[in-house]
Structure formats: C-alpha cells, structure tokens
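Residue numbers (my numbering), protein chains in the order written: chain A, 1 to 408; chain B, 1 to 299; chain C, 1 to 343; chain D, 1 to 238.
Worth flagging that the hints you see were computed from the coordinates, not collected in a lab.
Among the hints, a few may not be true.
Here are the simulated distance ranges between beta carbons [as the list claims (entries may be wrong)]:
{"no.": "1", "chain 1": "C", "residue 1": "L183", "chain 2": "A", "residue 2": "L70", "range": "51 to 59 Å"}
{"no.": "2", "chain 1": "D", "residue 1": "A126", "chain 2": "C", "residue 2": "S191", "range": "49 to 57 Å"}
{"no.": "3", "chain 1": "A", "residue 1": "G244", "chain 2": "B", "residue 2": "L81", "range": "29 to 37 Å"}
{"no.": "4", "chain 1": "B", "residue 1": "R195", "chain 2": "D", "residue 2": "D221", "range": "49 to 57 Å"}
{"no.": "5", "chain 1": "D", "residue 1": "G141", "chain 2": "C", "residue 2": "L298", "range": "40 to 48 Å"}
{"no.": "6", "chain 1": "D", "residue 1": "Q197", "chain 2": "C", "residue 2": "A215", "range": "53 to 61 Å"}
{"no.": "7", "chain 1": "B", "residue 1": "F72", "chain 2": "A", "residue 2": "E375", "range": "31 to 39 Å"}
{"no.": "8", "chain 1": "D", "residue 1": "Q197", "chain 2": "C", "residue 2": "L298", "range": "34 to 42 Å"}
Being a predicted model, the structure only gives us computed values, none of them experimental.
Ideal Cβ placement from N, Cα and C applies to all residues, glycine included.
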Amino acid sequence: MIVTLNRRSFLASTAAATGALMMPGIARAQDAIRVGTVLDVSGIFDAYGTPMDMAQRLAVSEINDAGGLLDRPVELISYDTQSDIALYTQYAQRLVRQDNVDVVHGGILSASREAIRQTLRRANTLYFYNVQYEGGVCDRNAFFNGVTPAQQAEVLVPWAMSRSGPRVYILAADYNYGQITARWLQKYVADNGGETVGMDFFPLDVSDFGSTIARIQTVAPDLVIAPLVGGAHLSFFRQWAAAGMNARIPLASTTMGVGNEHKVLTPDEGNGMMVAYNYSQELDTPLNNAFKERWIAAYGNTDAIHEIAVSHYMGFHLWAEGVRRAGSVDRDAVIEAMEDGLSVEGPSGMMTIDPQTHHTTLDVHLMEVRDQKMEVAESLSQRPPVDTQAVCNLTENPDDNTQYEIEF
Amino acid sequence: MVRCCLKEAKRMDLAVVILVEVLYAIAWLVLVSAGLAVVFGMMKVINLAHGEFMVLGGYATITAVGLGVNIFVAMLIVAPLVVGLFGLIVERLVFRHLYGRMIDTMLASWGLSLMMIGAFKMIFGNTTTGVSGPIPGFTVGNYQINGYNFFIIVVALLLLVAMLAVLRGTRAGLVARGAMQRPDMASAMGHSPDRIYMLTFAIGSALSGLAGAVLAPLIGLVPTAGAGFIAKAFITVIAGGPSLVAGLASASGVFGLVNQFFSFLVSPVVGEVALLVAAVALLRLLPRGITTRFFRGRL
Amino acid sequence: MVGAAHKDFALIVILGVVLILGLPLMVDTHVLTLLIAYGMLALSLGLIWGFGGVLCFGQAAFFGLGAYTFAVAGINFNESTLPLILAVLVPAGFALVLGALMFYGRLGDVYLAVITLVVSLILFRWINSTAGPDYTIGAARLGGFNGIPGFPILNVPGRPDLMIWGETLYFVAAVSLLIVFLLVTWLLRSSFGRIAVGIRENEERVSLLGFDIRARKTVLFAIGAAIAGLAGAFYATWAEVVTPTLFSLQQSAEIIIWCIVGGLGTRFGPILGAGVLAYLKFALGQQNMIDNMFVLGLVLVLFVLFLPRGLAPELARGWHWITGARRKPTRRNHAPRAEVSNG
Amino acid sequence: MAETVLETEGLTMRFGGVVAVDNVSLKLKARELRCLIGPNGAGKSTCFKCLCGLLTPTEGRVFLRGEETTGWEPHQIASLGVGIKMQVSSVMDGLSVHENIWMAARRFNDTDAARRKADEVIERLALGAITRAELGRLAHGERQRVELGIVLAADPWLVLLDEPAAGMTGEEVERMGDVIREMTSTAAVVIVEHDMQFIRSLASTVTVFHRGRVLMEDHVDRVMADPVVRDVYLGKQA
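Chain A extracted, bound-state conformation (with noise of 0.2 Å):
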C-alpha cells in the first residue's frame, strides 16, 4: 500500500479487504451478523455505560434466541472504553478495519460521538447514537433516538419554572453536551418570560462544589438548573443536600437519574428534583413491564435500568427492523428502509425515525424524583424532534455532515 490518492474512497472499497488482512489467520463465522458496540463499562462513565452494555446483551440474547436476524446469528463485538474518549476513536478504528462489524452502537457523552461519528462514517459503517444529547447533528451515516432539547427541556423548563420561579441559574458539564444544553436552556427560559441569573460550567472531573454552592446563594435563584454528568458532578447533588439547599430552591436536571443517580442518592437528598425523560422504570405499560421481567430473567434485578439503557436497547431494536424490512445488511439498504419512517414500540413506549433528521419522534415524560423512583407528573406523547428539523434536511441535503448549533 503506497500513498492512497482519495482516502476516503479507498477506506470504502477496501475495508472488507483490509480488515481479512490484518488477521490473516482467523477464519470468520461468515453467516454471523457482526454488531460492534463502545461503551464505558468501567471508569466515571460507568453508571451510564454499565447498564447500556446490560441492555445491548439483552437485546441481542432476544434476537438469537428468536432465531437471528434474517437467519444469521447476530455476534457482538464489545469494547469497553473505560470513560477514556481517546480509546474510542482507536476501537471505532478496530471495529471496523479488523473485526469489519455491520454496525455500530455506541458512545455515550456526546464527546465520545463526536469522537467516532467521522470515523464511521468515512469507513461506511452506519452508526446508531441511542442516549439523549443536545441535538443538531446531520448526517446520513447516522441515526439518533433519544431525546433532544426540544423534546425535553422545552417541556421541563416551563414546568419547572411554573412549580418554583422565573430566576433561573444553570450548572453544567464543560462539554459539547452541556454547553449546548444550557443554551437551549437560556432560550426556553427567556421565551417562557424567565431570566438566567447565572451560569457556571464544570469540568467533569470537579467534585467540589462549595464555593458553588455559595455563589449561587448570592444571587438567591428560584430554580436551579443542573445538566451535570458524570461520577463527579454526582457530588453536587450531595454538598447542595448537604447544605440543606435542597429544601429552599428547588432543581430541575436534564441528566439526573439518566445513570440511576437518584438511586445512588438517598431519599432525602433526591427527593424534589424535577426531570424529563422518555422512560421511567414506573411506566405502567404491558410492554415495560414484560422487558423489565426479561431484564429479571436476565440479570436477577430491575436496580440497573435507566433511560438510556432502555434507548440504547429501543435503538438496537430500531436497526434490527431496518434490516429485517431490508433483507440485508448492507448500509444503504438499511438506511433506506429506516428513512421509510420506520417505528418500534417497546419499554418507552413508540419511537419513529424521522426521515428528514434520522432522528425520532417518541414520548416524553414529566417526572419528580420521590424516594428513590422517578413518579411521573405529565405524559406528553410522539414529541418531534423540532430543533434538529429547522436546521438539517437530509431527503434534501443527504451530504451534509456537521452538528448544528443553537445561535444565541
């Protein structure tokens, strides 16, 4: 192999070829559907990642145990990236040069999809980003089913801000995620004629609050809103009880209990906080309550189910009838029969893939943590993803390929 000419193009044809190559001696199961998956299993990251893993196991078990996708076997090729976003480029990179998978499920900060999501896409393998996230992302090779701001903060911000006050002060993570998050934030708090007051970023590595928690004493808000992420930041929520905050202004989160931190956390330090998600355990519907008996059948107990174990779950659904309505595992059939607004009912209830966006139209749930479970206020069902469909049209644009952001 010389100097290439068009990178690109040679990944594609030569992808297969290159990836037969590199293990020379290893003789492939040929009929095996290959599904590669990253997540963190282990590291700060592992509250979110552990249970993803759980459910990706679960999902597949259900499809070989139903007798395979069109026949074949589905084989999973896990890597666990240990809360390290370098590690997931270079195991995207073996995904698909050496172990040559089908698909990939995977990511979960929105640091780690930006880290991949190039990577795939420039090797032809389609990609399934299945956790909630700030929205916005634009590309063909891609499909998104959890909740965006638009499906979920423009909901809870006004419901918040009607059970506290119009002075908003927001804490969020330091990343992609939590900076386009907050803006979202301050735009539906001003359009429900609120005011931020105040606004602090947080690497995810902090964990002490203090001078934080005094900070914003000062400027003595009526809600505060907190999309913290992470091991670290789970502190926050401990000093804010511990400083008896939690009795005297009220928190909102669009992250909180997304890795079960409200059941880390004790009752009277959880109790109050308000969220929105597309899933709570205590959804009363037929069809949560048979996963979660699967999911007891499986691992003993329903203590590891979270949001976005169940997207994650509902996602590797989503591309399992893709290519079932395919007949193939090729890429752009299955993007094809996907983009045929193609939808899945399951645990949380239905989700449809948005043509335009590939991203998903699903449920929403207001919901305020009480002893430990999230009880739900308010059911809002088949929300839209509005904000990544006034910026990105791929029926139209199907080239385009960047994350739009919120301008402000």
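Take the given structure of chain A and dock chains B, C and D to it, following the hints.
Quick look at chains B, C and D alone, frame taken from chain A:
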C-alpha cells in the same frame, strides 16, 4: 432604611460564608498534605502513592460503614489504622531497600500508586462510590453552609496542634526534629534510623488514611481519585519548605486563599489554575520553599 | 574516531531498516504506528533525563502540545506539512521559555519535578475547560473535554489530497524515528552532547569549567520537547483525535516508566521500554482478568528494586556474552537517579 | 611591576546573623602564589566561594584583571580563564580521565585542539596509564591529579584551589607541590589549605583568616613565627 440594613446584614452573612469556605479550602490542603509532609520532612522522600493511600482510607471508611461501624469511628480510627498498617508493610517490603536513592524511591512509590489503582479497580470496581455526610446543613443568616465543612476545619486544626505538640513535647518528637535537621544525628543519638524511617512512614501513611477518610463523604470516590490529591499535596509540601508544621500551615494558607478567592470570583477551575500558577510563582521566587525565608528554624 | 562514528551510523541504519521491515510480520502496523509514536516520546525523555540529567515530570505536556498544534494548525491550513513543522517548533519554543524560567532560577531536582508537573497540570486544566464556543484558534475550536476530532491527517508535502495513513503512515513514522535516532546519536557525539553528559555527571564542575549550564540545559530541554512534539503529531494523525488526556499526569508517568524499564542513559532503551510496555498495556487491555495499571505498577516496582539499570544494558551484556565480543568492559552507567542531592 | 589579577574590596558575606567573611580586601599579582589559611570556620572557604562565583557576597566587590566580577555566575568567571578546583573532589565520575580533561580544554579550543590539549596534559601529569579509566573507579590521589589536569587543561592565568592536598600521601603531596610551583610560571595561584607542612614547602605569602577577618598577611615563615597566629591556629586545632 430597612432595606439598606438588610443588605448590610446580607453582606455580613456572605463574608462569613466566604470566610468559612476559605478556611475549609485551607483545612482541605492541610489534611491532604499532612501525611506527605511528614514523610518528606523526615525522610526527604516524596511518596507518590500518597493519593492512593488517601483513597485506601476512603475505601476503608466506606467498607467499615457498610459493615455497620459508626461513621466517625470508621473515619477517625479504622481508616488511619488500616492505612498505617498498610504503609508499614509496604515500607518493609519496598522502600527500605531504596533509602538514599531519592529518585528511585519516588519511582517505586509511583509504581506502588499504579498497583493500588489497579487493585482498587479489581476489588471495588472501576466505579464511583461514596457515603453521605453525617452532619446537617448550617444556617448563617440568609445562607446555608455545608455543616461538614466545620468538621474538616476542626480536624485539620487539631491535626496541626497535635503535630506541634508531639514535635515539641515528646521524646519521639525530639528525635524526629533531630532527624529532620541532620539525618545522621538520630543515629548518633543511639536511635536506629531504620526504625525511625519505618515509624515515620507508618505515621505518614496513617495521616494520609485519615485525610482520605474524612474527605470521603464530600466526594465520589473512584479508584483514580488519588491523582487529584497527590499533585496538590506535592505542591503544598514543596512550597512549604523544610519546617513541618509552619510550612504546612503557611503553604496551605496561601494556596487555599488563592484557590477559594478565584473559585468564588470566577469558577472552581480558574481557582485551581490560580493555585497552580501561584505555586510556580512561589517556587520561582522562593526556590527552597516558604519556610526558608520566613518562619526559619520553626517547626 | 571518525571511522568508528561512520561504522556506528551504518550499523544503526542497517538494524533500523531490518526492524522496520521485520516488525510488521509480527505486529499489526496500526498498533506499531502507535508504538513508534510512543517510542519517539520515550526517546525525548531518555535524551534529556538519561543524558542531560533533567528529570521532567511533565514530558506529556510537550507531547500534547505537539498533538494539539498539529490538529489546530491542520484545521486552519487544511494541510499538514506546515502543521507538522509547527508541532515541533511550538513545544520547543514553549520549552525554551519554561526551561529558562527553571534553570536560570537555579532550581533543584525536586523543584524541577514539581514545576514541570504543575505546568502540565495547568495545561491539562486549561485545555479541559475550553469547551465553550469562545475558545477558538483561527478556525479550530479547542473543544475542551471533547478534544478536537476531524482535523486533516498527515499528507504528502504540497499535496493535501495525498493522505498518509495505514501502512504508509507506519513506514513514514518508522523512518522518522530512525532519523530522529540518528540525529540524537550525532548530537550525543558532538561537543554539546558530551558536555551535556558532563552536566549530568557533575553540574557544578562543568560550570566551573566555564560552560553556561543554564543555557545548555535549556537548549537540551527544548530539543527534548521538539522530539516529544513530533511524537505528538504522529500520535494525532494516527488517532485522528486529540484530547486533554494527552497532557495528563498518567501519560507523563508512563513515559518515565518506559525510560526506567528500557534503560536510562541509553538511546535504544527508552524506545524498547515504550514498545514493550505499550504493547503489554494494549494486550492487557483486551482482557478483564487483571488490571493493566496493576501490572504496569508492579513492573515499575520490580525494575526499580531488582533491575534499576533497565533492559537495554542487560540485553547488551547478553549480546556481548553470546558473541563473545567483549571489546570493552560494560560501562557502569551512572544514571543520575542514583545520587542523593544534598542541595 | 606585575599587573594585579585578583582584588577584593571590603568583601563581606553574611548568613542570617552570622558574618562568615567580614570586610576582606585581598590583592594578588600575576604569577603570585598565595595561601589562605585559618582554623575551621574562619571564612576562608566562604571567601573562596565568593571569588569563584558560587556565592554572591553580601557586600564588597571582586575584581579579576581589573574587571568587576561581583555576582557573576561561576561559568562566567571560569570563562575568563580562571581554573577552579573545589574542596570536595568534584569530577565527572561516570566519564573517563580523557573525557574529563577534554571537556575542560574544550571551553577554549575546538574539538580536535581540545583532544590534543588533553593528550598533552595527561602526558604532563603522567596519567597515560589510566586515560580511558572511569573516574568513579580511581583512587583518591589519582582523582586529585585528574582534577589538577582539568584545571591545567584550560591554560588559566589564575588558579583557585581549595585544599588540593587533602587526603593525599606524602609522596603525592610532594608531586602536587611541584605541579603547583610549575603553574606559577604562567598563572597566579590561590590555595586554601590546612596542611601547614605543605604550605611551608610552597614557601609563599600567606593570608591568615580568623573569624571572618584577615588577621595577618606575610611570608609563611614569619606568619608561623607569629605568636598570635600560633595561638589562634593551634588553639583551635587542639
């Protein structure tokens, strides 16, 4: 009229809150650095596994609490004992073969730190654990403060006083002071340096364990949490210079003040960077530490 | 002497070419490229520490700086030749300033370690908090925790459309490492290198001979940083993403361990150490039985205790023993880590 | 009249409250041999360190060949052509005899000339047998000779020696004396020394230090005969 005074009162409250936060930051640095300072002061050895010793203290506390031990007993007694004992074993196994080889000792302790992180991951899982603070919130006028901050401040203060008392008032302290000034002095006085080093290391480890234990309720404990402690402890001890207690207190004072000032004014990240910049500036100006210029000859 | 030098260079080139062609038969070139970037990084510290006596606890700072420079400049210029040069120059320039600050301040060993450590921590903290949209250099967003993905990878000079990747990247990186190795060999044979070794052995003596050790140490420090920066650029083009963890303490720690395990005071040792340990880490990362940090730590402790001179001198001794060609007695390597500073 | 190569003016060095060197003024002519003596702690070594730039005096000035060098770095002073040997044997242990001496010569010569110069010095000091040996493995006397070689290799016009004869055997001391006398044909030499026998054999002018001050300055024989000096010196020694 009433309004102005309310504002005045609120400002007073805020001053109290900030004062408590600053004292807390200083106390935090004192606690985090104490174990390292003892080992460095006596043996001129930088124990780079210090952060992991602290994490071990944290895990010891959490495990003990999980077994039903009272949290204060777990923090103040169980954790220092466990970590002190661990330090003793490690000193016998590894470090005593390396005395006089300063850089090698540092590297071995670094290796130990990596091993401990690995062991934590295998034993406790690469995940975040924690306990909730045992002290309720505290009201100052219009403000709420984390009551646990006071506990940290008191522990740090008691620790400094205890160190001073031991160094000043006991025979062991006398020997220790001798050893700090001239390493050969202690042996001349008829004390085996081997034993002194062993005990110093064990005591330093116990202090690390104590620090990790009392800080555990404030943070989410992960196997790699030690890295966050060692750098600041390292900086504080070196910047403090040769006098144990005075160096610890003065360096912690300067850095805690700088850190909290900027944290409060801008953000915690800027506070931390300000601390680091202050450290570089301080070492450039006083390359042998604060206590070579001020507080000379004190403890 | 001149003849001996030529023979040495020829030997290095022959061995180098054999290794470059032979290694891909055993290890996947994708992994090898990473090992080469790490080997170059280890060589950079091996030079300043093993031959100059400067123990830098923040060598990763220059590595990260090189990688970030490559990424940021690549996004701005849309090609990679100038960025590659900048990736060498920017860390070198930074090291000149930092080195001057430290060495002209007559800081002792431990203080040097603290300052380098603190500086790399500052860089890490700063880079890690640049996620906001305001932190841009030209067209490049620094991205904070996200790092910078999607920058142009290495291309043939003058031809941004001819990209170098995969197996080609391996050969380019390997030949670059060989060239850097030859340059280091030449440097160590020059007066500058020999005086640098003198400084390692006895700083005061050399200054009393009339050499300005501060300037010399600063220059050597900058050369080390330049090599680390180049390694960073190769890492960046290999990984296709740069993240703040490049600046981390963990990364700095690994470089030091590579040097110790490979053999300080040798040129080949650090490269060997990096190759062996990075491959070990990679292989251990594939399994969940035993944590790779644990193994790495254990290796370091065992080496410090039982094999403080590292692998390379032992291998050399074994080689001489096998060939029976003990032309000169094996030198006791006075690595600068054996002394106790009483300053 | 020979030119003045070394001069100090009111040289004073304080450490905290201790005055180690107190208002010392020295003057040395070209090719002069001068010994600084005095009991332990008299300040002669501190004074020596001020001369070669290892310490910056608190007060006072140092001139070398008329140029003020107060506060200069050691390497700047050495660069003027001053050869310095410290009290504690200070060589590059990991390097060979030849490399050590070559490095000293390299400061004032190019690579090849430095090699020739090193060969010459090695020959002159009869170090030929151990030229490739590593310094760390040599006996004390040999190391001292190598140090002298390091000083000679730079062709200095001023040589500063701190206790050159310490720890040497009688025969070695004798040879050292010869080398030093030979040095004075081209350079002024300052020696800090304890060993009275050695000083006597050099038969030079002596400056006696006591409590940081210059007690007396005269020819060695007259100094040794002086009752005050005997009192100070021997009183302390005993």
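Taking the beta carbons of D:Q197 and C:A215, is their distance inside 53 to 61 Å? violated (43 Å)
Per the hint of 51 to 59 Å, is the separation of the Cβ atoms of C:L183 and A:L70 within bounds? holds (57 Å)
Assuming the hint says 49 to 57 Å, is it satisfied by the Cβ distance from D:A126 to C:S191 or not? violated (27 Å)
Within 40 to 48 Å: is that where the Cβ-Cβ distance between D:G141 and C:L298 falls? holds (46 Å)
Okay, B:F72 versus A:E375 on CB: inside 31 to 39 Å? holds (35 Å)
Range hint 29 to 37 Å (beta carbons of A:G244 and B:L81) holds or violated: The hint (29 to 37 Å, Cβ to Cβ) holds, given that A:G244 and B:L81 are roughly 33 Å apart.
Could one say that the CB atoms of D:Q197 and C:L298 fall in the range 34 to 42 Å? Distance hint for D:Q197, C:L298 is violated at roughly 59 Å.
Taking the beta carbons of B:R195 and D:D221, is their distance inside 49 to 57 Å? Roughly 55 Å apart at Cβ, these two residues keep to the hinted range, so it holds.
Figure legend: structure checked against the earlier numbered hints; hints not met, in rising order: 2, 6, 8.
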